[in-house]
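Undergrad: Chain by chain, the residues:
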Amino acid sequence: MIKVKNLSKSYGDISILKNISLEIAPTEFVSLVGPSGAGKSTLIKLLIREEFPTSGNIFIENEDITLMPLSFLPNLRRKIGMIFQDFKLLPDRTVFENVSFALEVAGAEDSQIFTDVPKVLKIVGLYNKRDSFPLELSGGEQQRIATARALVHRPSILIADEPTGNLDPFNTWEIIRLLIRINELGTTVVLATHDKEIINALKRRVIFIKDGKVIRDDQEGRYML
Amino acid sequence: MTFLKRTTKAGWQSFKRNGLVSSAAILILFITISSVTSVFLFNALSKKVVKTLQDKVSIGVYFYTNVPEPQILQFKEELNKYLNVKSIIYISREKALENFRAIRKDDDTVKRALEELSGQNPLPASLHIKADNPSNYKNLVGDIESSQFNSLIESVDYSDRQLAIANLNSLSKKVTQAGWFIVILFTIVAILVSFNTIRLAIYNEKSKIEVMRLVGANNAFINAPYTMQGILYGLIASIIAFFSFAIILRFIDPVLQGYFLGLGEDINLSNYYASNWFWFLLLQIVMGIVIGVVSSIVAVRKYIKM
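Just so you know, the protein sequences line up as chains W and E, in that order. Using our numbering, the first residue of the first sequence is number 1, and each one after it goes up by one. Using our numbering, the first residue of the second sequence is number 1, and each one after it goes up by one.
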């Protein structure tokens with residue numbers, strides 16, 4: 001599903017990722033763990049081609065995205081659902097419009113939008129707030145909109161970059177439970193976090209990154225740095 | 001079709017929901033369109049004033065009182081053949097006296113003086129010639145003075161008006177040149193101001209554009225709602241400007257007519273605006289939409305490239 005080969009990323013003289021290689025199989029739930037500045041977010045940016053590597057290759061579904069022309073990027077991003085720490089919602093669009101936007105950009109028909117969006121809003125528990133604007137909702141609710149948006153086009157991969165970083169413990173677990181459920185439905189989930197409790201509770205594969213290198217890769221890891 | 005429907009809806013919603021930014025962009029575009037429209041009107045006004053003044057200028061050719069009328073009319077026929085002559089009015093000695101009496105009908109001294117002449121007419125017959133262009137007056141006078149009829153002429157009053165005609169000629173050229181210079185300068189400044197206002201409005205959208213890119217929107221999908229917003233800014237600003245001018249000119253006309261006293265009802269910008277309404281509306285709409293759309297596309301492109 002995802003294959004990273006000899007990947008390095010530098011900004012001038014500062015080396016962020018140093019020759020890392022890893023593979024993630026379909027339907028896996030993988031946590032990327034590491035202290036702030038370890039290179040987790042940079043790796044995620046490279047996975048969605050928001051950044052370009054200094055050297056190395058990234059294969060998503062056997063396609064080398066480092067060789068992908070710019071005009072193909074929208075298609076790549078439609079294959080991957082993304083959840084961010086700061087939610088990245090469109091503030092002037094309602095909950096429904098934020099979620100439907102991901103389908104609109106993929107060219108979905110109105111009939112599909114009006115079937116799938118309510119369904120996914122029910123899954124994240126926000127159907128009753130479909131006409132609210134993001135700023136009228138709590139942080140947890142905003143992250144659930146972002147999750148619904150990431151899910152609605154049924155991506156094969158879901159990448160979550162510190163999705164619980166701005167949430168209280170209750171909402172944190174709501175989002176984690178949602179990610180587990182999404183994974184159980186067959187979506188590969190990549191979760192970047194430095195939350196010890198989450199990692200220990202998940203009991204799934206953990207890749208430890210420190211100073212731009214993979215230092216451990218445990219199949220049923222616990223938080224150890 | 002679905003794409004067009006969605007982008008139109010998104011553009012309209014963004015326009016509505018960002019009312020303050022939209023209002024600011026429309027206001028600046030309105031000022032830009034109004035400035036350029038004003039310059040066009042100013043240019044039309046200056047041309048009209050110069051033209052009206054030019055129409056009031058003529059060469060007066062005064063004949064000796066003993067020159068018989070047929071000879072004068074023969075000279076008039078000859079002058080009519082000149083290419084640069086626009087019109088010639090013949091005023092006979094009798095008509096000149098009649099005009100003089102009419103003008104001075106309340107002046108007792110003049111009345112008594114005319115009675116003392118006991119029916120004699122001291123006024124000469126004259127031809128009043130208008131050239132088709134002020135720059136032709138000098139040549140025309142030269143032609144008259146070198147013609148075979150010169151011996152019949154007592155005086156040509158062009159020399160008195162020579163300076164005024166020359167000044168008018170030069171003023172006419174300068175006003176036209178300055179008008180175009182102002183049109184171009186104003187247009188450039190106004191476009192730059194509008195352009196930057198819309199860019200600033202879209203600068204606020206930077207994070208939204210980033211989100212659109214991250215969820216897989218292609219460039220056309222990102223651009224289209226902003227282009228639609230640009231069209232709306234331009235369209236609304238131009239329609240407001242069009243009707244504002246239709247109203248404001250009605251108040252300006254009496255002021256202008258008072259200022260250009262003597263030119264009277266010739267100065268009427270309302271009529272000029274009304275009779276050219278289609279071209280003004282077209283100018284305003286095209287300008288509004290072009291500035292709105294180009295500014296939007298350039299501003300968004302900067303963030304798409306990030």
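Take the hints with a grain of salt, since some may be wrong.
Taking lysine to any residue and the SDA-like style, the derived pairs with C-alpha atoms no more than 20 angstroms apart in a straight line are [to be verified]:
#, chain 1, residue 1, chain 2, residue 2
1, E, Lys302, W, Leu70
2, W, Lys196, W, Ile180
3, E, Lys206, W, Ile180
Across the chosen pairs, the derived CB separations fall in these ranges [said to hold, decoys possible]:
#, chain 1, residue 1, chain 2, residue 2, range
4, W, Asp13, E, Arg199, 16 to 22 angstroms
5, W, Glu220, E, Arg17, 25 to 31 angstroms
6, E, Leu185, W, Glu136, 45 to 51 angstroms
7, W, Asn128, E, Val193, 44 to 50 angstroms
8, E, Ile184, W, Asp110, 22 to 28 angstroms
9, W, Asn128, E, Arg17, 18 to 24 angstroms
10, E, Leu185, W, Phe72, 43 to 49 angstroms
To give a feel for the contact side, a few chain W residues facing chain E, derived at Cβ under 8 angstroms [what the hints assert, rightly or not]:
#, residue
11, Pro74
12, Arg77
13, Lys122
14, Ile123
15, Arg149
By construction, these hints were calculated from the structure, which means they are not laboratory data. From the three backbone atoms N, C-alpha and C, an ideal C-beta is built for every residue, glycine too.
Undergrad: Which constraints among the numbered hints does this structure fail? Numbers only, ascending.
TA: 3, 4, 5, 8, 13 and 14
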